[in-house]
Amino acid sequence: MDAPAGQRLLGEVMALVRQVIGDDPRWADRVTPSARLDQDLRMDSLEMATLAAGLGKAYGDRVDLAAFLAGLEFDHLVALTIADVAAYVAASGAGDGR
Amino acid sequence: MSRFLIVTLPLAGHVNPPAAVARVLQDKGHDVAWSGSQARLRPWLGPDARVYPTGMRLFRGQADNGIASVKSLWESFIVPFTRFTLPAVEKAVAEYQPDVVVTDQHALAGALVAMRHGIPWATFCTSTIELGRPFAKLPKAAAWIGGHLAALTAEAGLAGAQAIDLLYSPYLVIVFSSGLLLGTQDFPGHFALVGPALSGRPGTVSFPWERLDPARRHVLVTVGTMADADAMDFYPRAVAALRPLGDSVQAIMLAPPEALPGVPEHIIAIERIPQLELLPQMDAVVCHAGLNTVSESLSNAVPLVVAPLTRDQPINAANVARIGAGIRVHFYRARPDQLRAAVLALLSDPAYRAAAGMVRDSFAAAGGATEAAARLELLAAQPEPAAR
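Chains as they are written, first to last, in the working numbering: chain A, 2 to 99; chain B, 74 to 461.
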């Protein structure tokens, strides 16, 4: 994936996260590439499930957020950022050619 | 007569249930002693309880929300607390010579010492965090916890016993909840789901009962004190949610007064309440979904708005919502209008109270502290109890 496509994908994932957590600026304004889903955005399991469904809908079945999380060490789960999720989507090949 | 040593954590939610069970055991003529922090346990247990001291240490650096809170619960509390208390629990067992060691699920020193000495032991599940299996789909997080358990077991000289599970006694596991609320009856035979053990907490906290207006409905808001500014923001949102409801609702809001400047007449801001005495007067509760408040509310058939933050609170909140005894909201994101709609739904739709009543009935049928004590007596009476 080239750099512009990566940037576009990152923007799409950030938009999806904003859809999930709502438009209250106290939280929506915290949605940045380096924002951690757990500690910075306080996304709970229900919101993570909504995000997983949204990613699957946008990028197809090859993007399986639950399976990605299942492969992560505890430290990485706690530190997981929006950029990490976008990188996973890119690595799955699902973000290409859109 | 048998001798029971209770090993627990210096936290109210981990002391109140075993204290209720201990009173039943003592009333039946048994002897009970405790292993824990004198300074923390004494105010809860009173001057007559026998406490083998473990000393007291502060455990800092615990995250207060999200999955980070579970990780730091283990690495900043459970594991160092186990290492710190192990010698004192060893000494308590040597001196007291208990017939049964009763250990909180996260006071792992109790399990380790009982196994070292070959004494039958029982686990008290005073939270739902292990039963709820939050990492069922996150195997590496679960394995990380398993690694800590294996290390503690090896350090205690028990490495040879492969099948040891420090979190669940092979003899008796007492769960202070019901299968109905937990969502499954599918537990091994040595698990006893006894419901909450609420009896006998001393009622020493006063309350301005005369301020309760019988013509209005009553909502208790109790979310504890929280460290960060994002969490403290819950109070102004809750006040804004309740502000227009003064004609029909009175709220009792547990909060430091400085967190609630200029609240209207129908919101009673107060720092301490006699919760067990107050709950029968309540029509709804707004809380974090800590197991104590959830159990105490449902024991009175009071439905809840649950806004979970940490540890087992998301599990309890999911259970309350699943059974229809309340509404789950996002602690940080729920807007005043959403909180108001949730409270009004509980007050107007009798289905919530009916579902809460079903849980109350399941608790009553489970037997509480009396049933827990009976199961412990049975364990103590067996010459060589079978491990499952």
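FYI, nobody ran anything at the bench for these hints, they're computed from the structure.
Every value quoted in this text rests on a predicted model; they were computed, and no experiment measured them.
There's no promise every hint is true.
To be verified - Below, in silico cross-link-like pairs of lysine to aspartate or glutamate (EDC-like), each with a Cα-Cα straight-line distance of 16 Å or less:
| hint | chain 1 | residue 1 | chain 2 | residue 2 |
| --- | --- | --- | --- | --- |
| 1 | B | 101 | B | 444 |
| 2 | B | 210 | A | 74 |
| 3 | B | 210 | A | 65 |
| 4 | B | 144 | B | 228 |
Evaluated hints:
Using a Cα cut-off of 16 Å, the hinted pair residue 101 (chain B) and residue 444 (chain B) holds, with the two alpha carbons roughly 13 Å apart. Between the alpha carbons of residue 210 (chain B) and residue 74 (chain A) the distance comes to roughly 12 Å, so the proposed pair stays at or under 16 Å and holds. For the proposed pair residue 210 (chain B) and residue 65 (chain A), the alpha carbon gap of about 13 Å is at most 16 Å, so the pair holds. Between residue 144 (chain B) and residue 228 (chain B) the CA atoms are separated by roughly 21 Å; this puts the pair beyond 16 Å, and the hint is violated.
In this structure, only the earlier hint numbered 4 is contradicted, and the remaining ones agree with it.
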